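Participant: The primary structure of each chain is shown beneath.
There are 6 protein chains.
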Amino acid sequence: MPTQPLKEFREFRERMNEVILNAGNLTINRFFALDGRAYEPGALGAKTKELLGLVSSLVLRCDDCITYHIVRCKEEGVTHEEFLEVFAIGLVVGGSICIPHLRRGMVRLEELSGGTG
Amino acid sequence: MPTQPLKEFREFRERMNEVILNAGNLTINRFFALDGRAYEPGALGAKTKELLGLVSSLVLRCDDCITYHIVRCKEEGVTHEEFLEVFAIGLVVGGSICIPHLRRGMVRLEELSGGTG
Amino acid sequence: MPTQPLKEFREFRERMNEVILNAGNLTINRFFALDGRAYEPGALGAKTKELLGLVSSLVLRCDDCITYHIVRCKEEGVTHEEFLEVFAIGLVVGGSICIPHLRRGMVRLEELSGGTG
Amino acid sequence: MPTQPLKEFREFRERMNEVILNAGNLTINRFFALDGRAYEPGALGAKTKELLGLVSSLVLRCDDCITYHIVRCKEEGVTHEEFLEVFAIGLVVGGSICIPHLRRGMVRLEELSGGTG
Amino acid sequence: MPTQPLKEFREFRERMNEVILNAGNLTINRFFALDGRAYEPGALGAKTKELLGLVSSLVLRCDDCITYHIVRCKEEGVTHEEFLEVFAIGLVVGGSICIPHLRRGMVRLEELSGGTG
Amino acid sequence: MPTQPLKEFREFRERMNEVILNAGNLTINRFFALDGRAYEPGALGAKTKELLGLVSSLVLRCDDCITYHIVRCKEEGVTHEEFLEVFAIGLVVGGSICIPHLRRGMVRLEELSGGTG
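Line by line, the protein sequences are chains A, B, C, D, E and F.
Just so you know, we're using the working numbering here: the first sequence kicks off at 2 and counts up by one.
Just so you know, we're using the working numbering here: the second sequence kicks off at 2 and counts up by one.
Just so you know, we're using the working numbering here: the third sequence kicks off at 2 and counts up by one.
Just so you know, we're using the working numbering here: the fourth sequence kicks off at 2 and counts up by one.
Just so you know, we're using the working numbering here: the fifth sequence kicks off at 2 and counts up by one.
Just so you know, we're using the working numbering here: the sixth sequence kicks off at 2 and counts up by one.
The set of hints was computed from the structure by calculation and includes no laboratory data.
In this text, all values refer to a predicted model and were calculated from it rather than measured experimentally.
Careful, some of the hints might be misleading.
Since the list can't tell identical chains apart, any single copy or any two copies may satisfy a pair.
What the hints assert, rightly or not - Calculated pairs, EDC-like style, for lysine to aspartate or glutamate (alpha carbon to alpha carbon, straight line, at most 20 Å):
(1) K75 / E9
(2) K8 / E112
(3) K75 / D36
(4) K48 / E77
(5) K75 / E19
(6) K48 / E83
(7) K75 / E112
(8) K48 / D65
(9) K48 / E82
(10) K48 / D36
(11) K75 / E111
(12) K8 / E83
(13) K8 / D36
(14) K8 / E76
(15) K75 / D65
(16) K48 / E9
(17) K8 / D65
In isolation and in its complexed conformation, chain A is listed as follows (with noise of 0.2 Å):
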């Protein structure tokens, strides 16, 4: 499937979340709000903690889920080398079937880079 540019996924991810948020249900709010927390740094830094959402979304196979968990690692200063170690682990534990979101994970890198890769 092709991949969605980045800056239309943010859009959507960000109108969708208003929408889902305005549309009051408490159960799904208080998720959401549990789903940020759930990040914070405590007893294991941000950037642990992003790299532990990235690689469940890769052996879940979640593209959005990827994306989103790859732009915070790269927010939270997660290097090339870094990215590739995860993706390994991912790769190891969730099988070829992973490979199709490593390539578009993949792309994302080379998007958040500038298109070097």
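With chain A fixed as given, assemble chains B, C, D, E and F onto it according to the hints.
Facilitator: Okay, now just chains B, C, D, E and F, sitting in the frame of chain A:
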């Protein structure tokens, strides 16, 4: 990933179902018949069965199945508040990995309500 | 794998939930609260919500979750015929890979009916 | 988790299949018939179809399904080397998360060979 | 979701595999080598192994993997009737949640047959 | 399902790994080597990599894999609070369907702490 307009989804689904059923594999054809049969009203009504189909599609993270069951739920009179409660259960059971599918499901609700969400 | 008697399952579940909640991680504790909250009656009644929890557990193939929701469904007055219709939908959606869980679910129904199934 | 002896597995499977089929849900009964039918020889032979059932069970990580298809594969004359090649594909596709199921599958091969593995 | 034309899929796959292999992570590179190796003929022939890859991809619901193995199966001489029998097993094992992937798989068969399906 | 004592798990794991590696399938043996290699310290340290293995095991819901990585994490000095933060992320990402695995994971932590939890 971008969401396919509902009309396109329906045309593609209908055309390919026809291709599949005309291919002449008896097991596949019986499976499709069984798939229809499972949602017919019995001890549980059609509405409840469609809600079961919807929540299953959400936790198994299949956009096309979510779209199909949202359309059917709407036909059975499921209200906006009821949709949200099904989504809330799917989200709690299946986790944040379901959020991208929830976003695309909300787009379907918008489409079916003429864009007013 | 052999099925654990219902009484043992309940004791283990209660003891470990206590261990988890006493461990003092706020995100986990809030998640547990949210998990309870999602099944409280709202636009949809408690019975319908438990059916949603049951079918989700079946298609995601979690024996302990199936057991828990069968017990709760029974408390909400779900009949034998209704259980079977939920199982039928789960089976069609999730496929034959769910059959071993269906077998163990039927053992639970037997246990809850005093062995008469 | 400990592996249930093959004899126990078979007795449990047979008893519960009977309970399920006697429960009288037509969708479930037709699904079971279809499940049998899918593996009958056609354009592909019974052996190839059982190999397909086995690898599917491994990547979906269902011990009971793996056991069932190992027994059936053995009946269709699958050799030790062929079993290993199916496991290798399952492992590469499904990842290291399948290894515990591979271990228990190897126990089944040992049981079926009289313990000589 | 719309299906990407086969030509585009192939170009994207090739380009990104090159990006991944050039990134220089030894674990990832060895995994890719192992992924190729698993399908080489051994006790089981290349055709049977590709059928195993295809059914695994279907039950795990990965469109790109399904596309790849359909192409490879076609190269190994898999007939239309044999494809349908693999799909039938995948459908019964994996359930109706696989139907959207079956639809898109049928599009690939159409493409590879010059549109005559 | 009842939890197997840690000592039994270890003995079974070691014995079956030996059986598998002695079976002589080169793809499987290389996969096992790669599985070990993926967790060796590189740009990311061994502790971080084990945390990645643990959260992947939790969201993919594999008790044996959770047990293995809890033991390894403990060896790498992961604290009780850090374990809980990994579990919290796994729970939020993977949903309530992971709770039974979390319960059994907590039993492992109890066992490794001499029962004091």
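Participant: So, for every hint listed, does it hold in this structure?
Facilitator: Structure-based check of all given hints:
no.	hint	verdict
1	K75 / E9	within (18 Å within a copy, 29 Å between copies)
2	K8 / E112	within (10 Å within a copy, 23 Å between copies)
3	K75 / D36	within (19 Å within a copy, 26 Å between copies)
4	K48 / E77	both (5 Å within a copy, 18 Å between copies)
5	K75 / E19	neither (24 Å within a copy, 22 Å between copies)
6	K48 / E83	both (11 Å within a copy, 14 Å between copies)
7	K75 / E112	within (12 Å within a copy, 35 Å between copies)
8	K48 / D65	within (19 Å within a copy, 27 Å between copies)
9	K48 / E82	both (14 Å within a copy, 17 Å between copies)
10	K48 / D36	within (16 Å within a copy, 24 Å between copies)
11	K75 / E111	within (12 Å within a copy, 33 Å between copies)
12	K8 / E83	neither (24 Å within a copy, 32 Å between copies)
13	K8 / D36	neither (22 Å within a copy, 33 Å between copies)
14	K8 / E76	within (16 Å within a copy, 35 Å between copies)
15	K75 / D65	within (15 Å within a copy, 27 Å between copies)
16	K48 / E9	neither (25 Å within a copy, 35 Å between copies)
17	K8 / D65	within (12 Å within a copy, 24 Å between copies)
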